[in-house]
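2 protein chains.
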Amino acid sequence: MRPVRVGLLGLGTVGAGTVNVLRRNNEEISRRAGRAIHVIQAAARDLTRERACDTTGIAITSDPAQVVRNPDVEVVVELMGGIEPARSLVMEAVAAGKHVVTANKALIALHGNEIFARATEAGVMVAFESAVAGGIPIIKAIREGLAGNRIEWLAGIINGTGNFILTEMRDKGRAFDDVLAEAQALGYAEADPTFDVEGIDAAHKLCILAAIAFGKALEFDKVYTEGISRVAPEDVHYAGELGYCIKHLGIARRRDDGVEMRVHPTLIPKRRLIASVDGVMNAVLVYADAVGPTLYYGPGAGAEPTASAVVADLVDVVRTLTTDPENRVPHLAFQPGRMADLPALPIEACETAYYLRMRVDDRPGVLAEVATLLGNAGISIEAVVQPEPPAGITEASLIMLTHAVREQQMNEALARVTRLAAMKGDVTRIRMERLEGD
Amino acid sequence: MRPVRVGLLGLGTVGAGTVNVLRRNNEEISRRAGRAIHVIQAAARDLTRERACDTTGIAITSDPAQVVRNPDVEVVVELMGGIEPARSLVMEAVAAGKHVVTANKALIALHGNEIFARATEAGVMVAFESAVAGGIPIIKAIREGLAGNRIEWLAGIINGTGNFILTEMRDKGRAFDDVLAEAQALGYAEADPTFDVEGIDAAHKLCILAAIAFGKALEFDKVYTEGISRVAPEDVHYAGELGYCIKHLGIARRRDDGVEMRVHPTLIPKRRLIASVDGVMNAVLVYADAVGPTLYYGPGAGAEPTASAVVADLVDVVRTLTTDPENRVPHLAFQPGRMADLPALPIEACETAYYLRMRVDDRPGVLAEVATLLGNAGISIEAVVQPEPPAGITEASLIMLTHAVREQQMNEALARVTRLAAMKGDVTRIRMERLEGD
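Listed in order, the protein sequences are those of chains E and G.
Numbering-wise (the working numbering), the first sequence opens with residue 1 and increments by one.
Numbering-wise (the working numbering), the second sequence opens with residue 1001 and increments by one.
Nothing false has been slipped in among the hints.
The list that follows gives simulated cross-link-like pairs (lysine-lysine, DSS-like), each with its CA atoms no further than 25 Å apart: (1) G:Lys1172 x G:Lys1270; (2) G:Lys1270 x E:Lys172; (3) G:Lys1172 x E:Lys270; (4) E:Lys270 x E:Lys172; (5) E:Lys270 x G:Lys1270.
Hints in this document: simulated from the structure, not taken from any laboratory.
The following block holds chain E by itself, in its conformation from the complex:
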């Protein structure tokens, strides 16, 4: 059969990785797909830059619209990132009846609803496996592999830079700023690391995972997002002493009254498998009613891991070229007309356990005062640690683990705790999840 002709938008790290993987594994890929996949044109921002791939046979242009409009291009692969011009180019490709593969999580999280609606009208696929957790086939696992299940919740380590920083803080007792500087030097984190460390990148991905898990529209603006920049080395230490480690998790949970979607530093028991996912690796734990817990682990970023997912999408697209559109896997896992109307819950309505660290006067009675205020608010305490302060220091630390409580209740109780005379400054709080299942 004639090769499928692909146009690339973007020839940076992932673009070059995709060209390399398609060339190197050309034979394996066509043995699987039943036909070859050829990149015939690519758009690059800077035509003079040296490429990390062999561009023989690929017409290179600085105008991405040329690629979209090239009548020989059957599938458009968007690897530029950012919202514009990626959004307009994808919409134009869809309108022209071309299938699209994209690695652009921001684009899908913010404009996916509109893009998928147009794609459904046009009878084309927009595939986005590479937009979440890099090379891990998590979209396919949830959308197809768990199709028999009612998915209850999922929790993912879906930002490698953040996980690298937390792993280094734990293993070497280093401070956040120090590790971040190293991550930037190593090329893991961008010069502006806000998207990684403030959780925005993870929130993009979580919003996509929640949509396909529960069959609801994408609602990026409803994801509660808290970064890791305020996680202190002492919290990493005390969490460890209590049998927990701190991970930056994206959590989506179905409740009768809606869906919790939140990204924040989270204490999880060390014995959970996902607690052992370290460094830049990603993992997503999914809890579903029939299968129970399943976990998917692998590299969440990088040229070839991302290219692996891009090529898997290309193979899927090649297979659907002659499938009637009604029988394809729906973009958001559920049929467009049958999405659920589950409201996204605000963080104040979410329920988690808490780790609390307070700096307090080193005198008897303080623990009782705090415990009384929490008890009055209906918050029960699971564990208390009062590390001995060094000689001569009059300020002590008080660490508590609580049972699960609604965030609103905790906010109110902590407002009262903070006003105690013995309290020095604000209470540090980190949410805690037991992730039972594995």
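Knowing the structure of chain E, use the given hints to seat chain G on it.
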């Protein structure tokens, strides 16, 4: 759209689980698949037995051929297990142009080549996600999710009973027979546990994984298979002291000259993620050239986890009902005409590192004698432990870890070591893999 009508062969644990999942998640499933999936007939061995599911609306027969021949049945789900009559019934369904879903690993491992050839001729799908690792969507992950990769190797904990036994031996220092008896009492292990503890069940699954990973025919009789019944508590203990744990792994590795396929107790470093997979859980670690390492974890058995995979297959089949056969995912991942001719290598040609435990006279010089024989055979030693024997005992233990060596070389060297005068009985050896990647 009209519901898809399914006939079940077998209404035992997994059959009842499948009916329960289809009923309970009927709405979620049809929202995904675009149409409902109804079980209209089922064959059960004993018509008088109480069912673990609601059979309202399902015609029950004791004759499975009736289900296959029922003109209203569009998809046949085979959950009987065993080779016959399952094989004949599946072949009849395929010949009648019906799609088949099966959880039968023995059937696929032994007769898959023939079944898939007939299915391809008849233009139907035979789906078998539930045959390997229960609810983990590992077939889909390898066949579709990693379609862009050249897969280099995979290693799986693919028998839950065996993993439960090894976990108990490690955590509680218990003996094999003792834990096996408990597993039987708990219902994990069959009354005849041979398939589980001698590795035959794992070999069925490994043979399937190797075929779809490398695009080669199924060759069950070429899988080297060694069970866990001879793993001694002291080996579990010494492995732990050296930083390893013992897992019963199925390993498939591509080499230039062929494919290694082997199931055996294996030492793996404790720090690998797969080393933390305990109890009855399963996991498969796959190493592929573009993505690197990915791991898939979940329950490998049980009524609803297996049903989860059966229903995922049903949804896939429903989606392909109008797809032209050439564009479906090939049964063994690669197009039938383009399978590789990679020979399966005998165990003597496989390369692994080794853990060796010898019972020797407690006198100086024995270590040197053993080390000399191994050194002469080109085997280098990574670590040696000589635990102090209790007072009054003249028999000592000598434990060695070696670097990787071809099995044939090790056989020859150990034949010489065993003849040393200081040696008491046979040398215990357990293969060791570093599984680098995670």
